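A.B. asks: Chains as they are written, first to last, in this note's numbering: chain P, 275 to 524; chain L, 6 to 1063.
Careful, some of the hints might be misleading.
Claimed, not checked - Derived pair list, reagent style SDA-like, types lysine to any residue, alpha-carbon separation capped at 25 Å:
#1 P:449 x L:891
#2 P:475 x P:462
#3 L:864 x P:454
#4 P:451 x L:798
#5 L:152 x L:206
#6 L:538 x L:571
#7 P:451 x L:908
#8 P:475 x L:850
#9 L:34 x P:433
#10 L:34 x L:152
#11 P:475 x L:941
#12 L:864 x P:462
#13 L:805 x P:433
#14 P:475 x L:161
#15 P:457 x L:173
#16 L:805 x P:428
No wet-lab data here; the hints were simulated from the structure. In this text the structure is predicted, and so the values were computed from the model without any measurement.
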Amino acid sequence: MDNTNTDNPYDVLFERSLAVIIREYGFDNIELSAYHQFLDISNTILRRLLLNVKNFMEIQSRTEPCPADLARSLQMMNVKLSSLQQTYNHPIKHRLRSPDRQTETHPMKLFRVTSTTNNTSRKHRPIYIPDFLPEFPDPHTFISSETYADLRKDYPRVRHLLADQRRALQRSLVKFKLQTNEKLSVINTHGTNINDYYLIKNTISPLPYLSALLPQDQMESESTETIEDETVANISHRTKSLSATDDGEM
Amino acid sequence: MELEELRQVTRSFVLSHQTLCITGVSFDKRCLVGYTELTLHPLVKNFNVIKLNARQLTIYAVTINDERNVEFSYDDPNIQILSDDDPRRDLTSFLKRQQRFFEYVDPDEGNGELTIFIPLSLQQQEQNSSTTNDDNNNNNTTDIVYKVTIDFSLEHPENGIHFFVPDDDAKLSRLSRHLFTTGHDARLWFPCVDSYCEPSTWTIEVTVEESLTVIASGELVECTTNNELKTYRFYLSTPAPAPFIGLAIGSFESVVDSNTQEITNYCLPGLLTLLTNTTSFVHEPLEYYEELLNASCQYPNYKQVFVTEPHAECIPFASMAIFNVNLLYPSTVIEATWHSRTQMAFALANQFFGCFITMRSWRDWWLLKGLALYLTSLYTRRAFGNNEYRYNLNQDMLDVIRYEREENPIRLDFAPIKSESDITNVNNRRGTMMSSQYLEVAAKKAHLVVRMIDDFIGREIMMQILNKLMCLATTACLKDAPLSSRSRLHISSKSFSRVVSTLTTKDIQALLTQWVYESGCPRLIGSFTFSRKRNVVELELKQDTTIKGSKKFLGSLVIRVQELEGSFSHTILLEDSVTKYELTCHSKVRRNKKKKIPLISGDEVDMDLNQMDPECPILWIRIDPDLKVIRELQFEQADYNWQCELRYERDILSQFEALEALKRYPSQNTRETLGTVLDSSNCFYRVRIECAYVLTHIANSMANTWTGTLATLSFFRRVFMSTNSTLSSTNVTTSSTNNLSLTVPSANIVRINDFSNSQMYMIQKTIPQAIALQRNKDRVCPPEVINFLFELIHYNENSKNRFSDAFYRSSLIDSLSNTLTNIGLTSTTTNVDLLLNHTLDTNTKRIFDEILLQLNYDKIIPSYGFCVTCSCLRVLHKLNIISGIPIDINVFYEYASYGMFDRVRLIACEILVEQIEIRMNQDVFEYIFNLITNDPDYNLRHKIIQHLCHHPPFRQNQTCSLNNPITVHRLWSLIKNFAYDNQIRNDLVELYQIMFGLSRPNCLPSLNETNEILIKDELDDVSDTIVDIDPERLSYFRLARYADDTKAAASKLASTSK
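So here's chain P without its partners, still in its complex pose:
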């Protein structure tokens, strides 16, 4: 397209919207010539389509086009309506990016004093360095070595921490509840009052099955919930589609 055309506001709009669509399909960058070809093709297709619509409209002796005309002309142009629906329903989410300059991430350097560091080695320096130059600084300022935590040793530690936390949580929760709720002595004390063993008193529920059958212990992991929701949704979806086909058959 020529630059003169860009003055036309329709063309500007058209150009920009096409650019947006292309971007939507995941292109961040496009060469100008390719883009112009795109514009030409789209223009032709649209023009053809509108011509067809117009023809159909006239055949039907109408003055305004209706959706059926559009559908018909699209079919004439070998476009499947279902595919349009699909395109509409499933916009492409994945984006292609132009290969950008990757910034190299350097592993963080950890400095430490190695065992070789001692006073004797500091004095030692290569012969090509003249004497008048100053001494090398302390080795730990420039010798870098990468350290990795020993994962094999770490795994048990992580598990241990996790388990300890969980148990501590359990204990403190129980302790808290024991202090705030009514409690019940487990040991038959025979009158003596030295007793550390208590149970939380039960709260009688009118519908005890609800708390028993809908346990809370699994709620913390969200994945199960979403799975459940999905299955429920699937099932309702299936029933819908089933009933739909049934109606159709009838």
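Given chain P's structure and the hints, the job is docking chain L onto it.
C.D. replies: Structure of chain L alone, referenced to chain P:
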């Protein structure tokens, strides 16, 4: 043929249609008001009395064909079997009277509680019309139709209908109010012919508040709303007998099955997600049964309702089923699936055999129960696999054998006992009078017998026969089918064997005689020797007929011999108590031991034959490998044979047999074999679990010579724990003291839970329990094992798992309880402080602390079904009994009180019952009795009594502080007062028999003579009123009854006999 069978029943009319209309339901008052209209066709000439069944109802008025206020009488003898001032306390007389009273109201004898006298004006009409016909044939009299309308109400029912009404007024509680039918005693909630062989079509109309939903048998044809009241109208076009009419009312939430529109599921508010998950499979068994029987389900739809506090887990009705809400489970729970699905498949099987095709009388109970279970097991076999099926089958057989040996031989044919002296056990009586325990085992036996019939005639023919029965029954459901064809809807043992003999040339009569009409099962003792000279196996089979419940078996038996050259089956004929057989051997002793050995499954395996007797080519022998006979088996072969069988045989039953046998052979070889099987991943998981138990058993019996860690423990470490650095081995051995293992992270840590492989999950769950049973030389659990278990609990990490670990945690707690022993406990101190802080073993104290923590934690964050709480309570009980920690009994009362979840309550009650058994505590006994008398949850009452039967405080009048007149009185009055709940009464009677025997309890003073004479007179009186069932008298009686009332007829009979 059909008419003949109809005549067998002495009812004088046929019921063609019944309308049940419930016009009002009140949850606050717990009552129902309604009327029912029966359409009757008289079968006899002088039809002047109609007898119907009705109990605990108030009858307001009876109308016949627009004739209002017809005279009727209402007499329910079962309310009070013995009068209050009757001093007798022996079961014999009680049972006699109970049996007579049952006959007195038995609809199949033409009796009933409600007697309606047809007015003379109507009788004349009838006579007029019949005189116009020359024939006096029954067919013509059916032209006259009586429409009997009965107005009734039901208030505060004890049984039949259960009202669940929570006490509080919260919105959810009000929404959760519901009512439902509790069983098959239709007479308890509406007047009817309460017989299994009187099918009729039904119209059920229920008017309720707008917010409620009604679910009833039949198809919903109309639903109208009027002034905030909604009327549901159901029509059941497939004839069904009254006991199978079900009803449920409540604000249920519902889900239509996604695959089959005909199936709808209902549950209480708040449980919809569980319902969707639990019932997603229901179309599968339905499709399977329809394909199997080549016949479609005759009901237009099928409804499943999940309610609280039903009397049984699963109660099937025509076109619907009522389940316990506890069967619902979320998708995160693994183990609930098997049980729930089996129950639902069973209810569905009943829609074919059980509710649709029914039993003719209680004598045929076994056939229908067996057929329904047979279909269920065919489905579960398909759904859960052949191994699971065979395992369950084997378990059922073991249960049956154990019950017959220890409790009471089972005779499946519940025919009435001829002479009263035959009552040797409460269960040797009519079908409605059996204890639930007996019925439960009898059902298993019935299934095994039906399976035997299937084996005998062949699967294909069996299916043809069932299809034939279904087709015949279907024709009776057609709109214009004559009434007499409805007899096709019920079958009996006789009619079934007749169908079998017409369709095949085989006669199952002998089989029925052996297993149905008679009780007992054979006990086979076998051994073999190999004769090298003649190359034959000499097999000897003995039948032990001396023990209780044994019965000689004559018939064919399959013997399978695994030889070096392959597996060979022989069929032998058992003819005598001791029989010897010679089975020719197909293999020669081999020199070349490298060759592969073919198995029955077609596999060829390499075996290590070094242990083998070089002179004998027999690897192992199995008797009756496919469980074709109900038998107890004791077979002798060398330990090497058993080891081989366990390791190489692919049939799990064989492996279980071998495992059982290997318990007797503790040796290094056995240990190795068990270790290999435990390790082999292609083995069925139940075999591997059992293997772990046997391994522990072997280790315990070899405790003195045992070296190294238990194979189970190292297996568990290898499979379920993180693989690890060199530290681990040293750490395991050094961490034997408590403090060390707590502070230093052990290198071996159980992996975070991943239960996606359900078989591995079951193994991971159960093996700690087996390990915990290990005992060292001092007969206590090694500290290493206890530490191991504590580590499992400590490091249990479930956050990344998509399944719930509730059952795994509860299993770990069970394992802790398995470690408890009473060895080394010598202190008898009463000082609690001293005991807990000093005397008590540190490990026991640690367990105690852990249990309290878990118990409290489970209260804050409940596990599914409170399974952790259940396990903890059991351990607390064990700590009390074994370790002597003085647990306050109030703890168990606390968990047994109403308002807790019912499984927890049940466990707590069971513990209380066991406390009575051990401690003889009068207060606890009183508490339990109060629960049985007053508890709102009937199912719990049943279960407590059943548990009491298993753990009675004393048996057969043993001396015991509880064996006193107060107990007798208490129990006796309970038996007397449970007039409406037969099953509870039967169970109580069984308990009474266990505790005191059939005659008068010894702790009571003997009756003096004058009383006895008085009693005898009274008994004679009774025996005259209710006539015995001998055929001559019966025929006379039948004729006489229609002329006059029952009592008049009886007195006439008495006078003629004089």
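A.B. asks: Does the alpha-carbon distance linking residue 34 of chain L and residue 433 of chain P stay inside the 25 Å limit?
C.D. replies: Violated. Residue 34 of chain L to residue 433 of chain P sits at ~58 Å, over the 25 Å cutoff.
A.B. asks: Under the criterion that the straight-line Cα-Cα distance not exceed 25 Å, is the pair residue 475 of chain P, residue 161 of chain L satisfied?
C.D. replies: violated (32 Å)
A.B. asks: Does the alpha-carbon distance linking residue 864 of chain L and residue 462 of chain P stay inside the 25 Å limit?
C.D. replies: holds (21 Å)
A.B. asks: Could you grab the alpha-carbon distance between residue 451 of chain P and residue 798 of chain L and see if it respects the 25 Å cut-off?
C.D. replies: holds (22 Å)
A.B. asks: CA of residue 152 of chain L to CA of residue 206 of chain L, is that 25 Å or under?
C.D. replies: With Cα atoms ~14 Å apart, residue 152 of chain L and residue 206 of chain L stay inside 25 Å; holds.
A.B. asks: Hey, residue 475 of chain P versus residue 850 of chain L, does the alpha-carbon distance stay inside 25 Å?
C.D. replies: holds (22 Å)
A.B. asks: Between residue 451 of chain P and residue 908 of chain L, is the straight-line Cα distance small enough, at 25 Å or below?
C.D. replies: holds (24 Å)
A.B. asks: Within a Cα-Cα threshold of 25 Å, do residue 538 of chain L and residue 571 of chain L meet the stated pairing?
C.D. replies: Status holds; Cα separation ~20 Å.
A.B. asks: Does residue 428 of chain P sit within 25 Å of residue 805 of chain L, going by the straight-line distance between their CA atoms?
C.D. replies: holds (19 Å)
A.B. asks: Holds or violated: residue 475 of chain P and residue 941 of chain L, Cα atoms, limit 25 Å.
C.D. replies: Cα-Cα ~22 Å, so holds.
A.B. asks: Does residue 891 of chain L sit within 25 Å of residue 449 of chain P, going by the straight-line distance between their CA atoms?
C.D. replies: Satisfied, since the Cα-Cα distance of roughly 22 Å is no more than 25 Å.
A.B. asks: Are the Cα atoms of residue 457 of chain P and residue 173 of chain L separated by 25 Å or less?
C.D. replies: Cα-Cα ~23 Å, so holds.
When each numbered hint is compared with the structure, violations occur for hints 9, 10, 14.
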